[in-house]
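Visitor: The chain contents come next:
There are 2 protein chains.
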Amino acid sequence: MSQEVLKKLIIEKVYRNGSVMIEEDEIIAEERIDFYLNGMKLLSVMGIAQDQDAHIVGFLMSEGVITHVEDIHSLRISDNGLSVYIDASVNEDNIQNLFKEKTLTTGCCVGVTGNVEDKIVKEFNRSTVSYNVDMLFDEVDRFYGSSALFRQSGCVHKARLVLKEGEAIEAEDVGRHNAIDKVIGKARLSHADTQDAFLIVSGRLSMEMVVKCVMHGITMVISKAAPTRLGIKTAQLHGITLIGFAREGKMNLYTHSSRVDTAHTVIQADSTSCIIEEVCVAAS
Amino acid sequence: MSQEVLKKLIIEKVYRNGSVMIEEDEIIAEERIDFYLNGMKLLSVMGIAQDQDAHIVGFLMSEGVITHVEDIHSLRISDNGLSVYIDASVNEDNIQNLFKEKTLTTGCCVGVTGNVEDKIVKEFNRSTVSYNVDMLFDEVDRFYGSSALFRQSGCVHKARLVLKEGEAIEAEDVGRHNAIDKVIGKARLSHADTQDAFLIVSGRLSMEMVVKCVMHGITMVISKAAPTRLGIKTAQLHGITLIGFAREGKMNLYTHSSRVDTAHTVIQADSTSCIIEEVCVAAS
Chain A
1 MSQEVLKKLI IEKVYRNGSV MIEEDEIIAE ERIDFYLNGM KLLSVMGIAQ
51 DQDAHIVGFL MSEGVITHVE DIHSLRISDN GLSVYIDASV NEDNIQNLFK
101 EKTLTTGCCV GVTGNVEDKI VKEFNRSTVS YNVDMLFDEV DRFYGSSALF
151 RQSGCVHKAR LVLKEGEAIE AEDVGRHNAI DKVIGKARLS HADTQDAFLI
201 VSGRLSMEMV VKCVMHGITM VISKAAPTRL GIKTAQLHGI TLIGFAREGK
251 MNLYTHSSRV DTAHTVIQAD STSCIIEEVC VAAS
Chain B
1 MSQEVLKKLI IEKVYRNGSV MIEEDEIIAE ERIDFYLNGM KLLSVMGIAQ
51 DQDAHIVGFL MSEGVITHVE DIHSLRISDN GLSVYIDASV NEDNIQNLFK
101 EKTLTTGCCV GVTGNVEDKI VKEFNRSTVS YNVDMLFDEV DRFYGSSALF
151 RQSGCVHKAR LVLKEGEAIE AEDVGRHNAI DKVIGKARLS HADTQDAFLI
201 VSGRLSMEMV VKCVMHGITM VISKAAPTRL GIKTAQLHGI TLIGFAREGK
251 MNLYTHSSRV DTAHTVIQAD STSCIIEEVC VAAS
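Going line by line, the protein sequences match chains A and B. When the count follows the working numbering, it moves up by one through the first sequence with no breaks and lands on 284 for the last residue. When the count follows the working numbering, it moves up by one through the second sequence with no breaks and lands on 284 for the last residue.
Any given hint could be a false lead.
Which copy? The list can't say, so a pair holds if one copy fits it or any two copies do.
Simulated crosslink set (SDA-like; lysine to any residue; CA at most 20 Å straight-line) [stated by the list, open to error]:
#1 Lys8 x Glu165
#2 Lys164 x Lys250
#3 Lys7 x Leu149
#4 Lys7 x Ser147
#5 Lys41 x Leu6
It should be emphasised that the hints constitute simulated quantities derived from the structure, not laboratory data.
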């Protein structure tokens, strides 16, 4: 049995004129999927629980661990969809090769922040800072406007950290995690205070992005792209305001939306509790 | 000294009506950057050689390896821009934590295909297959048209493998590498012949994507996004036709473009050699 790939959620959509609509939205369920080879845990991959049997086959055949499909003796997905078991004749050298170097060769990776997440001892972010919605739309407009590299190459991710006092720090990279690491590193090296700063990014908001915010007291993260379910769950549990699809004069507020100060708000009374409840149900 | 982040290249732009323009284009230089901590190689990251000192600081502080910026004793980038050396007081437990689990926790990752690339013994792909340009534009049109998940969630990557006989296999995931692994796994599990198949993907064409094609005899890869310099170099050296920015009735041909059969072509006589020369110069 495979898990559901899309989950429904009630969210707030804020428009450029300050109006707010409560709407149902669908978010993608990104899961940690464990791959087992010949009875041993091989590795875990963050992905969606769909075609996970083909995933391990394609991965191992691309890496030269399995040479022919006939070398596969059995292939099974667990009932909850989150473990895949493959038994096969393998090339042992190429298994060693998988881990021979500690390389984050992804251009977009962190194999790592997920490990930190388990032992975060940071408290829930109780900051009562509020962000004016017009200012947020202006910052989003500036986000791409200032990137020559993005316009010229068409393939970089960008991060913009806006400090409490309004100063902005920017960085770019082909990798979405790299751009965030760079902008945080710049802030740290300049001894900037990242408490109550907010981060604008170009890439998908998955768990690692939110964990990076948690680690540095960054209260809010905004992306022009989509969040994943685990990103939303992590933001909910750590008190981070998470905003996705910030583009074309609109933003989707997923968690802790009370920090966004909208001028003429028409939010339904129970909207916030709706969001929390849905996320907690989805995440449990 | 930092490396140049953008490289100029002469490419062919093919339009929906079959016409071809030779134009200069700029591509992003994705590099393997080595991080050294207290005199020891820590890991490598694929990224652009810009702000690489801030990158290691942000990364290590997000992972809890370095707690305060004052704990950094020295920070230096090598002359070629590809190595960063940091000396700092560190939390040893959290260094171990970085590597405690073999986890590809990225949603878009392969820490791995790069390792295979060093030892690929596959021959240069000399296939003389040719692809009709109208058929290619039609396949690109179909690419997103058929994805309900993409439309609903707005955050999945997709891969479509078109076999020589015209049959197409599709898969999706939040990770661009995962989607490709899945589609190749599906092909393998169904005993499909991937020789001379072509792959359409939604994500950036970096080296790992091209290596996956090499490993499975896939002759051509098309993306609606940009290629990186290392992706182009790898495609050039292994005989893979690489097409980027396939959108809005246009495609950019970066390598081995002779396989694309355009109706009324107006290619300059020396265009192909231009491309090869430029890539080899850039890659050396």
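Visitor: Decide, hint by hint, whether the structure agrees.
Guide: Hints, verified against the model:
| no. | hint | result |
| --- | --- | --- |
| 1 | Lys8 x Glu165 | neither (37 Å within a copy, 39 Å between copies) |
| 2 | Lys164 x Lys250 | neither (23 Å within a copy, 43 Å between copies) |
| 3 | Lys7 x Leu149 | between (36 Å within a copy, 12 Å between copies) |
| 4 | Lys7 x Ser147 | between (34 Å within a copy, 17 Å between copies) |
| 5 | Lys41 x Leu6 | neither (27 Å within a copy, 41 Å between copies) |
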